[in-house]
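Residue numbers (my numbering), protein chains in the order written: chain A, 3 to 335; chain B, 25 to 316; chain C, 49 to 318.
Since the hints were derived computationally from the structure, they do not count as laboratory data. Not one of these hints is a red herring.
As a list, the in silico EDC-like pairs of lysine to aspartate or glutamate whose alpha-carbon atoms are at most 20 Å apart:
#, chain 1, residue 1, chain 2, residue 2
1, B, Lys156, A, Glu85
2, A, Lys155, B, Glu72
3, A, Lys19, C, Asp70
4, B, Lys156, A, Glu119
Listed next, the stretches of chain C that the computed footprint assigns to chain B, with coverage defined by at least 3 CB atoms under 8 Å from CB atoms of chain B:
#, stretch
5, 71-81
6, 85-91
7, 97-108
8, 235-249
We treat Cβ as the ideally placed atom computed from N, Cα and C, and that holds for glycine.
So the chains spell out like this:
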Amino acid sequence: MPPAITAEQLSKTFRVKVRGPGLRGAIEALLRPRYRDVHAVREVTFRIDPGEIVAFLGPNGAGKTTTLKMLAGLLYPTSGRVEVAGFVPWSGGPEFKRRIALVLGNRQQLVWDLPPEETFQLNRAIYEIAPAAYRERLAELVTLLELGDVLDKPVRQLSLGERMKCELAAALLHHPPILFLDEPTLGLDVTAQEAIRRFLAEYRDRHGATVLLTSHYMQDVTALATRVLIINRGRLLYDGALDALVARIARTKRLELVLGGGDGVTAETLAAFGAVKSFRFPNAVLEVPRQEAAATSARLLAALPIADLSIEDPPIEEVIRQAFTHGVEEDDS
Amino acid sequence: MERWEGEQIAEWGVRNAEFAMQGRVRTLRIPHSALRILAALWRLNLAEELQYRANFVASVLGTLFWIGTALLTLALFFRHTTRLGGWDYWEVVVLLGVFNALTGVIEAVLRPGIGRLAGEVRSGGLDLVLAKPVDAQGFVSFRRLDVWRLTDFVLGLGLAGYALSRLGRVPGLLQLAAFVVALAAAGIVVYAIWVALMSLAFWFVSVENLSVLFDAVYEGARYPVTAYPGALRFVFVYLLPIAWTTTIPASALTGRLGPEIALAAAAVAALAFVLARLFWRAALRRYTGASG
Amino acid sequence: MSRLAEWARRYGALIRNAWLVDLQYRASIVLWIIWGVTEPTIALGIWWAIAGDGQVGGYARADFARYFFALMLVNQLTIAWDSWYLDRWIREGDLNYRLARPLHPAHEAVADNIAYKARSAGVILVVWLVAALVWPAVRLPLAPGRWALTALAVVLAAAMRFFISFATGLLAFWTTRATAIMGLHGGVALFLSGRIAPLALLPPAVAGVAAVLWFPYMLAFPVNLLTGSVHGTAALLHGFAGQIVWLALWVGAYRLAWTRGLRRYGAVGG
Numbered sequence: 003m004p005p006a007i008t009a010e011q012l013s014k015t016f017r018v019k020v021r022g023p024g025l026r027g028a029i030e031a032l033l034r035p036r037y038r039d040v041h042a043v044r045e046v047t048f049r050i051d052p053g054e055i056v057a058f059l060g061p062n063g064a065g066k067t068t069t070l071k072m073l074a075g076l077l078y079p080t081s082g083r084v085e086v087a088g089f090v091p092w093s094g095g096p097e098f099k100r101r102i103a104l105v106l107g108n109r110q111q112l113v114w115d116l117p118p119e120e121t122f123q124l125n126r127a128i129y130e131i132a133p134a135a136y137r138e139r140l141a142e143l144v145t146l147l148e149l150g151d152v153l154d155k156p157v158r159q160l161s162l163g164e165r166m167k168c169e170l171a172a173a174l175l176h177h178p179p180i181l182f183l184d185e186p187t188l189g190l191d192v193t194a195q196e197a198i199r200r201f202l203a204e205y206r207d208r209h210g211a212t213v214l215l216t217s218h219y220m221q222d223v224t225a226l227a228t229r230v231l232i233i234n235r236g237r238l239l240y241d242g243a244l245d246a247l248v249a250r251i252a253r254t255k256r257l258e259l260v261l262g263g264g265d266g267v268t269a270e271t272l273a274a275f276g277a278v279k280s281f282r283f284p285n286a287v288l289e290v291p292r293q294e295a296a297a298t299s300a301r302l303l304a305a306l307p308i309a310d311l312s313i314e315d316p317p318i319e320e321v322i323r324q325a326f327t328h329g330v331e332e333d334d335s
Numbered sequence: 025m026e027r028w029e030g031e032q033i034a035e036w037g038v039r040n041a042e043f044a045m046q047g048r049v050r051t052l053r054i055p056h057s058a059l060r061i062l063a064a065l066w067r068l069n070l071a072e073e074l075q076y077r078a079n080f081v082a083s084v085l086g087t088l089f090w091i092g093t094a095l096l097t098l099a100l101f102f103r104h105t106t107r108l109g110g111w112d113y114w115e116v117v118v119l120l121g122v123f124n125a126l127t128g129v130i131e132a133v134l135r136p137g138i139g140r141l142a143g144e145v146r147s148g149g150l151d152l153v154l155a156k157p158v159d160a161q162g163f164v165s166f167r168r169l170d171v172w173r174l175t176d177f178v179l180g181l182g183l184a185g186y187a188l189s190r191l192g193r194v195p196g197l198l199q200l201a202a203f204v205v206a207l208a209a210a211g212i213v214v215y216a217i218w219v220a221l222m223s224l225a226f227w228f229v230s231v232e233n234l235s236v237l238f239d240a241v242y243e244g245a246r247y248p249v250t251a252y253p254g255a256l257r258f259v260f261v262y263l264l265p266i267a268w269t270t271t272i273p274a275s276a277l278t279g280r281l282g283p284e285i286a287l288a289a290a291a292v293a294a295l296a297f298v299l300a301r302l303f304w305r306a307a308l309r310r311y312t313g314a315s316g
Numbered sequence: 049m050s051r052l053a054e055w056a057r058r059y060g061a062l063i064r065n066a067w068l069v070d071l072q073y074r075a076s077i078v079l080w081i082i083w084g085v086t087e088p089t090i091a092l093g094i095w096w097a098i099a100g101d102g103q104v105g106g107y108a109r110a111d112f113a114r115y116f117f118a119l120m121l122v123n124q125l126t127i128a129w130d131s132w133y134l135d136r137w138i139r140e141g142d143l144n145y146r147l148a149r150p151l152h153p154a155h156e157a158v159a160d161n162i163a164y165k166a167r168s169a170g171v172i173l174v175v176w177l178v179a180a181l182v183w184p185a186v187r188l189p190l191a192p193g194r195w196a197l198t199a200l201a202v203v204l205a206a207a208m209r210f211f212i213s214f215a216t217g218l219l220a221f222w223t224t225r226a227t228a229i230m231g232l233h234g235g236v237a238l239f240l241s242g243r244i245a246p247l248a249l250l251p252p253a254v255a256g257v258a259a260v261l262w263f264p265y266m267l268a269f270p271v272n273l274l275t276g277s278v279h280g281t282a283a284l285l286h287g288f289a290g291q292i293v294w295l296a297l298w299v300g301a302y303r304l305a306w307t308r309g310l311r312r313y314g315a316v317g318g
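Bound conformation, chain A alone (with noise of 0.2 Å):
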C-alpha cells in the first residue's frame, strides 16, 4: 500500500522585516527596510501510512502548523517533495481538497448566527456530495458525535465542545481520506476533550482514515496516536513511537511506594535509595536510574516495610520537555 502522505527533505524558508523597538526602529524600517530569513521547517523527512493517526508535537513557534500547511497545499514549500493522497497538494487542485479536511481549533467555519445544519448543508454543495451519502454520514456523524439536541440551535448558543464538535461534523461530510486537525481540542474542557478522542478514534477505525494532529494536550497523543513527530525550531527531532520515545529519553524511572507500619522511614532513609520526589507519609516517590529500578526495588522490599510499590515511567509532558531542550539523541544507551 503507498503512503498517505510523504515528506521528503520539506523546508519553507520565510523573509521577514526586522525591526527594532521605539520610535526610533519604526522609522528606520520605514526609511531602510532590513529583512531576515527564518528558516519555519529544515529538511524534514517522514512518511505516514493510510490508518495512521500521528500527533505532531513541538513548542509554539516549532513549525508545526507551517508544515500543516504545506502538506494540506495552502503553502508552497521552499524546497523538498510532499505527496498527500497521490496528489502534490499545492497542484492537486479540487480533486486533492476533497480528500483532505483541515480544522482548526482557533478558527470556525461554522455560521455563527444559523444552526450548525446549514453549514452543513452549504459543504453538500461545496462538495458536491449526493443527497442519500449526504443523509447517511449525517446520522452517523451525528450517532457518533451525539449532535442530536444541537443541531438546530444557532451557532451562538452552542458551547465550545459543542461547536468543535460540529466543525468535525462538518469537516468530515465529504468522507476525506486525510484529516489535518492543528490543536482540535483547544480551550476544551476535560470532558469535552474526551468525547473528541473517543471520536477520532472511532472515526478512524470505521473508515480507515489517516489523522495527523497537533495538540498541546499530552492526553490527545496518549490516547489517540500510535506515533509522534517532534519538531523544534524546524528540525524533525524525533519520529517513532511514543514508549520507544520515552524509553530513548527518560533516564529515569520513579519508584511509587505506599509505606506500611510504623513512621521509622523518613526522606532521609529513603534518599539513600534514589532521588525523593515526593514524601508525604505514607506516600513517597522516589527517581532512580532506569536501569537500576529493579534492583533498587528489590533493596527496597528488602529494608523497609513497604505496603506497595510500583514502577513507573516518569510523566509524559516532562519527556516531551525533555526532548525540546535537550534534544533526542543524547542517550544512545
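Model the placement of chains B and C on the given structure of chain A, informed by the hints.
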C-alpha cells in the same frame, strides 16, 4: 465631444479585450457546481439576515436619507446653474439613480464579501477557504448577499425611472437593452476594481481599510464626467476611469449615447475582469509562497 | 507645577503610543487622508465649473479654491473619529480595561486626536504649500493676527467636534446604531457646516436654520476666518460666542451620557 470619447474608449476596450483573452478564455468558464454553491451560500445568508428584520427598516431609512442628501446637493448646484457638464437637472438625477443602484451592489455583495479579505488574510481565516475544493476568488467574492442592502439597488433604479419620466423620454427596447448591458458591465468593472484593490492585502497585511480608497474615488462617480474641469477631468476620465461606470449607463438610458455603446462597455468589462483575475492569481501565488 | 508636569508626561506617553500604533498602520492613515481630501476636491471641481468666468453668490473661481483648501485643512484639524472607537470599545468590551486604569478614557481619546491631527494636518499643509507655489488662487495673504484668531477658532471647533463624537459614541451603551446616528449627523453637517458649499450659497431658509444650530461653528466659521470672509468685530465676536456656547452645551451632553451610560453599563454588564 461625448460621442468622440465614448467611441475612443470602445475601440480601445475591444482591442485590449481581444489581446487579454487570447488563450485565457478558460478563466471565464463558470462550472455548473459553482452555481449550486452560490445558491447554497445565498440561501444561508438569507436565513441569517431574516433574523434581523430591523436591518431592513434601517436600510430603507438610510437609503432614503442618503438619496435625499444627494438630491439636495444637486438642488444646491442647480440653484446657481442650469446645466452640469452639459446635463440638465433630471439627467443628472438619472445618473444619481444609477450611482445608487451600483452602490446597492457594492454594499450587498462586494463590501461584505471580498471587502473582508484583508481581515481574513491577517487572522488566517482565509486558510479555511483555500482548503476547500472551490475557486477561492469566486467563493470569497460572492459568499455573501446582504439582501437588505439591495434596497439601494431597487430605489436607485426607481429614481432613475422617475427622473426619466420627468425628462419625458421613453426609451426604446434597444435603448433599454443597451442600458441593462451597460449597467451590468459597470457592475463588473466595479467588481474588478474591488478584486484588484483587495488583492493588495496580500502585500500590505496591515492595511485593513483598502476599501476607503475605493470609497474616496467612487465619490467622483456621482456627477457626469463632463462636469469636471481641467486636472480633475483628467483624473476621473483617464487616470481612474471609475466615473464612467455611472456616466455610460446613464447616457445609454437617456439616449445621449447610441445603443452601440453597450458593446464597448461589455468589451471593457471583459478586459477588466480578466485583468483582475490575473492580478488575484499573482497575489494568491505570493500568499502561498509560490513566487518567492 | 508638578501636577502639570505629571499630566504632560502622561500625555507625552499617550501621544507617543498613538504615533507608534499609527506607524504600524501608516498606509491605512494615508488612505483616510485621501478620503478626506476627495470630497472637498470634487465639490471644488463642480463649483469651479459652475462659476465659469463669473461669480456665484459673490464667489469667483479663486474664492472657491481658497475656501475648499481652507476647508480641507480645518476639517483635518477638527475631525473626530471617537464615536467609532467608543462604539467598538463598548460593544467588544475593550472599555473594561480602560475603565480599570486610573485615567479617564477620554484622555486617551484626546491624545489620539492630537497625534492624528498633528500628522494629517502636516500632510495637508505640505500639499497646500506645494499647490500655492504653482497656483496663485490658493495663496493666502500674510496676516499673523488673522491666523492667530483662526488657530483659536480651530481649537474650539476641534473640542466641540470631539465632544459631539464622544457623546454620540456613548449612545452605544443603549443602541447598536450609534455609528449610524453619527453618520446621519455627518449627512446634515454636509450642508449646514459648509462642507458642500459656502453657507452664503445655501437657500436663505436653510442658512437660517444653520445659524441657530452648532454646525457652522464646527467648520464654516474657522474656514471663513482663515480665508478672510469674516468682516467686522461684531461678526467675529458672534462667531466666538457661538462656538463657546455650543461647546459648553456639548460638554454637558457628554457628561450626561457618560454618567448615565456608566450607570447602565454597571447594571447590565458589558
